[in-house]
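Heads up: the sequence lines are chains A and B, in that order.
Numbering that gives the first Met the number 0 numbers the first residue of the first sequence as 0 and each following residue consecutively.
Numbering that gives the first Met the number 0 numbers the first residue of the second sequence as 0 and each following residue consecutively.
Some hints here could point you the wrong way.
Facing chain A, a subset of chain B residues (Cβ under 7 Å, in silico) [said to hold, decoys possible]:
1) L8
2) W21
3) F23
4) W25
5) I28
6) A31
7) T34
Simulated crosslink set (DMTMM-like; lysine to aspartate or glutamate; CA at most 25 Å straight-line) [said to hold, decoys possible]:
8) B/K41 / A/D91
9) B/K153 / B/D140
10) B/K41 / A/D92
11) B/K41 / A/E84
These are calculated hints, taken from the structure and not from any lab test.
The C-beta atom is built at its ideal place from N, Cα and C for all residues, glycine as well.
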Amino acid sequence: MASGELTSKEYIGHHLTNLTYGRHPDGTWGFAASAEEAADMGFMAVHVDSMGWAVALGITFCAIFYAAARRATSGIPGGLQNFVEAIIDFIDDLVKDIFHHTNSMVAPLALTIFVWVFLMNLMDLVPVDLLPHAAYLIGIPYMKVVPTTDPNVTMGMALFVFALVIFFSIKQKGVGGFVGELAFQPFPKFLAPVNLLLESVTLLSKPLSLGLRLFGNLYAGEMIFILIALMYVSWVTTPVAWALQWGWAVFHVLIITLQAFIFAVLTTVYIAQAYDSHGEEH
Amino acid sequence: MNINLTLFLQMIAFAAFVWFCWRFIWPPIREAMSTRVENIAKGLEAAEQSEQKLAEAGEAAARELETARAESKDILERARARGNQMVEEARTRAEEESERVKQTAQVEVEQEANRAREALRARLAELTILGTERILGERVDRKAHDRLLDDLVKEL
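Could you put the whole structure together from the sequences, leaning on the hints where they help?
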C-alpha cells in the first residue's frame with residue numbers, strides 16, 4: 000500500500016487518480032496536486048501517466064515488430080520472426096474472413112490494435128501497488144499504469160476508428176451514398192427524419208460501445224485488484240488475498256487477451272460495414 | 000476520470016502507430032511469409048518432379064536392359080545358326096572334294112587301262128601278223144590287211 004496512514008477510501012481514490020498536467024483555473028500550467036485540482040482543469044489537461052504508458056507500450060510494440068520486419072527472411076525464420084509471424088498470420092486470417100475488399104491498411108490496423116491493446120491491458124497484471132509506489136518513492140504523486148482503464152485512451156482509439164469508418168464510407172459510397180444510407184432506410188424515404196435518428200444512433204453506438212467496452216472491462220478488473228489489495232491489511236486476510244489475487248490474475252489473462260481481440264475484430268467489422276452497402280449483406 | 004486532451008493525444012498516438020505498422024512492419028513480414036510459401040510450394044513441386052523423373056529413369060533403364068537382353072539372345076541365336084551353317088558348308092565342300100578326287104582317280108585308272116588295252120591291242124596285232132607270217136612263210140603286207148587287222152583288234 001502506498002502508505003499506512005491512508006484510509007481504504009483514500010487508497011482507492013489514490014489509485015484511481017491520474018497524474019494530470021494541465022491549465023489551472025488561474026491560467027497557469029502545471030501538475031495537479033490532487034484529484035479535485037485535476038477535475039478543475041477541465042478539458043485542458045493531459046493524463047501524463049496514461050499517455051506515457053500508452054506511448055511507451057506502443058513504441059515497444061513497434062520496436063519489437065520492426066526488429067522482426069527488418070530482419071525478415073523468406074528462409075528459415077528465427078525465434079522472434081516466428082513469434083511475430085504467428086501473430087501476423089492470425090490477424091491476417093481474421094481480417095480476410097471479415098473484410099473482403101482491397102485495403103492494405105485494415106490488417107495492419109487490426110494488428111496494431113490487437114498487440115497494443117493487449118500490451119496496455121497486460122499492465123493490469125503488474126501488481127497494483129508496485130509501479131505507483133515506486134513512482135511515489137521518486138516523488139511522483141499519482142501513477143495509473145493501465146492506460147486502458149482511462150476512458151480517454153479507449154475512447155480516443157474508438158474515435159479514431161470511427162473517423163476511419165466515416166472516411167471509408169464516404170470514400171466508398173460518396174457523401175450522397177453515406178447520407179442516403181443514414182436517411183433512406185430502414186423506412187421509406189418520406190420518413191427520412193425518423194430514419195436519420197435511428198441510423199445516427201446506430202452509427203454513434205459503434206465507437207461508444209467499442210471504447211466503453213474495453214474501458215469498462217479493464218476498469219472493473221483493476222478495481223477488483225485494488226479491492227483485493229485492501230485485504231493485505233491483516234494476517235488473517237493476507238492468504239485469502241493471495242489466493243484471490245492469483246485466481247483473478249489467471250482469469251484476467253483471458254480477459255485482457257479477449258478484450259484486445261474483440262477491439263480488433265469489431266474495428267475490422269465496422270470498416271467492413273463501411274465498405275459493404277446495406278443491400279448486399281452476406 | 001475526466002475527459003480531456005488525453006483523448007486527442009491518444010488519437011494522434013494511435014494514428015501514428017497504425018501508420019508505422021502499415022508502412023514499415025506489415026509489408027516486409029507479409030512479403031517474407033508469402034515468398035516462403037512460394038518457395039516451399041516450388042520445393043515440393045521440384046521434389047515431386049524429380050521423384051517422377053527417377054521413376055521414369057528406372058523404367059527406361061529396365062526397358063533398355065530388356066532390349067539388350069533380347070538383342071544378345073538374338074545375336075547368340077544367329078551366331079549358332081551361322082556356326083551350324085558353316086559346319087554344314089564345310090562338310091558339303093569336303094564331300095564334293097572327295098567325290099572329285101575319287102572321280103579323277105577313276106578317270107586316271109580308266110585311262111591307264113585303256114592305254115594298256117591299246118598297247119595290248121597293238122602288240123597283239125603285231126603278234127598276230129608275226130604269227131601269220133610264220134605260218135604263211137611270207138611277209139604279209141600290212142597295209143593291205145590293215146582293215147582286216149583293225150577288225151580283229153576291235154574284236155579283242
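Structure-based check of each hint:
1. Satisfaction of the interface hint for B/L8 is found here, the shortest Cβ-Cβ separation to chain A being roughly 6 Å, below the 7 Å cut-off.
2. The interface hint given for B/W21 holds, since its Cβ lies 4 Å from the closest Cβ of chain A, which is under the 7 Å cut-off.
3. Because the beta carbon of B/F23 sits about 6 Å from the nearest beta carbon in chain A, less than 7 Å, this interface hint is met.
4. Interface restraint check for B/W25: the shortest CB-CB distance to chain A comes to about 4 Å, inside 7 Å, so the restraint holds.
5. With a cut of 7 Å, the hint placing B/I28 at the interface with chain A holds, because the nearest CB-to-CB distance is about 5 Å.
6. Residue-level restraint check for B/A31 holds (minimum Cβ-Cβ distance to chain A is 4 Å; threshold 7 Å).
7. Because the closest C-beta pair between B/T34 and chain A is about 4 Å apart, less than 7 Å, the hint holds.
8. Between the alpha carbons of B/K41 and A/D91 the distance comes to roughly 23 Å, so the proposed pair stays at or under 25 Å and holds.
9. With a C-alpha separation of about 19 Å, the suggested pair B/K153 and B/D140 falls inside the 25 Å cut-off, and the hint holds.
10. With a C-alpha separation of about 23 Å, the suggested pair B/K41 and A/D92 falls inside the 25 Å cut-off, and the hint holds.
11. About 21 Å separates the Cα atoms of B/K41 and A/E84, which keeps this hinted pair within 25 Å; it holds.
Checked against the numbered hints listed earlier, the structure breaks none of them; every hint is satisfied.
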